[in-house]
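**Student:** The hints should help you fit chain B onto chain A, whose structure is shown.
Protein chains: 2
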Amino acid sequence: MRVTFLGTGAAGGVPLYGCACPACRRAQAEPAFVRRPACVLIENGATRLLLDAGLMDLAERFPPASLSAILLTHYHPDHVQGLFHLRWGVGQAIPVFAPPDSAGCADLHKHPGVLSFQRAKKFVPLRLGSLTISPLPLIHSKPTWGYAVQNDEGERFAYLTDTLGLPDATERFLKTWGKFELALDCTFPPNSPPANHNDWHTALASINAVGPTRTWLTHIGHQFDHWLLQTAPAIPSGIRVARDGQVVMLGG
Amino acid sequence: MRVTFLGTGAAGGVPLYGCACPACRRAQAEPAFVRRPACVLIENGATRLLLDAGLMDLAERFPPASLSAILLTHYHPDHVQGLFHLRWGVGQAIPVFAPPDSAGCADLHKHPGVLSFQRAKKFVPLRLGSLTISPLPLIHSKPTWGYAVQNDEGERFAYLTDTLGLPDATERFLKTWGKFELALDCTFPPNSPPANHNDWHTALASINAVGPTRTWLTHIGHQFDHWLLQTAPAIPSGIRVARDGQVVMLGG
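Chains A and B, in that order, give the protein sequences. If you count the first sequence from 1, you need to add 77 to reach my numbering. If you count the second sequence from 1, you need to add 77 to reach my numbering.
Excised from the complex, chain A in its bound form (with noise of 0.2 Å):
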């Protein structure tokens, strides 16, 4: 299984616009700092699964018959603003999984397109070619899951942004799922007020929890890369800053 990271940015990216700290000067100044909309690409054989859907030239990304389907993980704008222009698309529909949420965001229900919004539980697996993905309830201002994708050959990646900490019954299903690797909301540095995403302690206290193999940060804020440059604090083993572009081979 292969994870690209195609954005690992909070709601604004990195460099957010009109900022001048050191983080978002250098993100201008070189473009292999920017922080885009925060999303994966896992592929596994034929089956190439988009997990959240901010990114704006997701047409140029994805011709079409290229996607086997969307997750995302909750309708924030910064998490499916790319639908508003896709979804106008003809041919093919694209299957999209999204957690209950009736309001969706703006007209994406009302007009979905060429999307085909699928229904989907929580914990209950969902087989999309050869991958099996279990929805995980996160702790967000909005109704928003994670994803759990598993192969056939074993291989485990769990996907859990945006979130403040981990409710209990997904750390539960963590805890059992066996071997994993993970990527995880860390948008604030130590000591920031509660804001619906994590922060650097109560990131470590999540993967302290749930024990993966090895833990990828992502949806980051340009606050918490100027924490980092500041102060390059001592990274735990087996913890990464995730980068746009990243790629990641499970199993490897």
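Hints listed in this document are in silico derivations from the structure and should not be mistaken for laboratory results. A hint or two may mislead.
Where chains are identical, the list cannot tell them apart; a pair therefore holds if satisfied intra-copy or between any two copies.
In silico SDA-like pairs for lysine to any residue, Cα to Cα no more than 25 Å straight-line [stated by the list, open to error]:
{"no.": "1", "residue 1": "LYS199", "residue 2": "ARG113"}
{"no.": "2", "residue 1": "LYS199", "residue 2": "ALA286"}
{"no.": "3", "residue 1": "LYS187", "residue 2": "PRO313"}
{"no.": "4", "residue 1": "LYS187", "residue 2": "PRO177"}
{"no.": "5", "residue 1": "LYS187", "residue 2": "LEU241"}
{"no.": "6", "residue 1": "LYS219", "residue 2": "SER179"}
**Tutor:** Leaving out everything else, chain B in the frame of chain A:
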């Protein structure tokens, strides 16, 4: 006054995702025929107004403090989707004018961020820098305004999309406004079923009714481009089909 058509496309643009019609195939092959979400930049001295915000790369196109204001015709996603990203910026607020529509689009009003939504009234002129702008009601599926823009040299430009025909009061305003150039919604080819946008015939009728010196058709759908390609119709003098990137100098 200088008008730049940054985008001239209907929702979904040209090429439409997944479409293989001759117009979409041409746009896939030749970037000059791509149509992005309809919007114009109006520049007059140091005053720079963006009319509609459906382009997704506003942060790259317009560095902080480079726009005097944004004027929205209405809150459909293809006219506002670029604001979802921009709003999380910091620093100087960007004034945004729009027709009264408490629903807005998604959570733009709830979390305006760096955007400063302003009140305005139909037919009551706004003064923005060196320009005077009168909001003109249009006929669409959401509260929608066109904008009649005038500089102190008497150059006049009316931007009227999205609309199917024109309200009587808007027609009366334009008939007595003086000489002006016009950008007008022409989404569909002739004899299309009415769908909240002009087709070729209703666009011509509005042009004849209000008598601009020159008209630029915009908010073009792929079916209209296809019709132009297929039939090469005679286009009355004084009417042009706008293209992305086209620059119009008024009074030139």
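**Student:** Can you give the numbers of the hints that this structure goes against, from lowest to highest?
**Tutor:** 1 and 3
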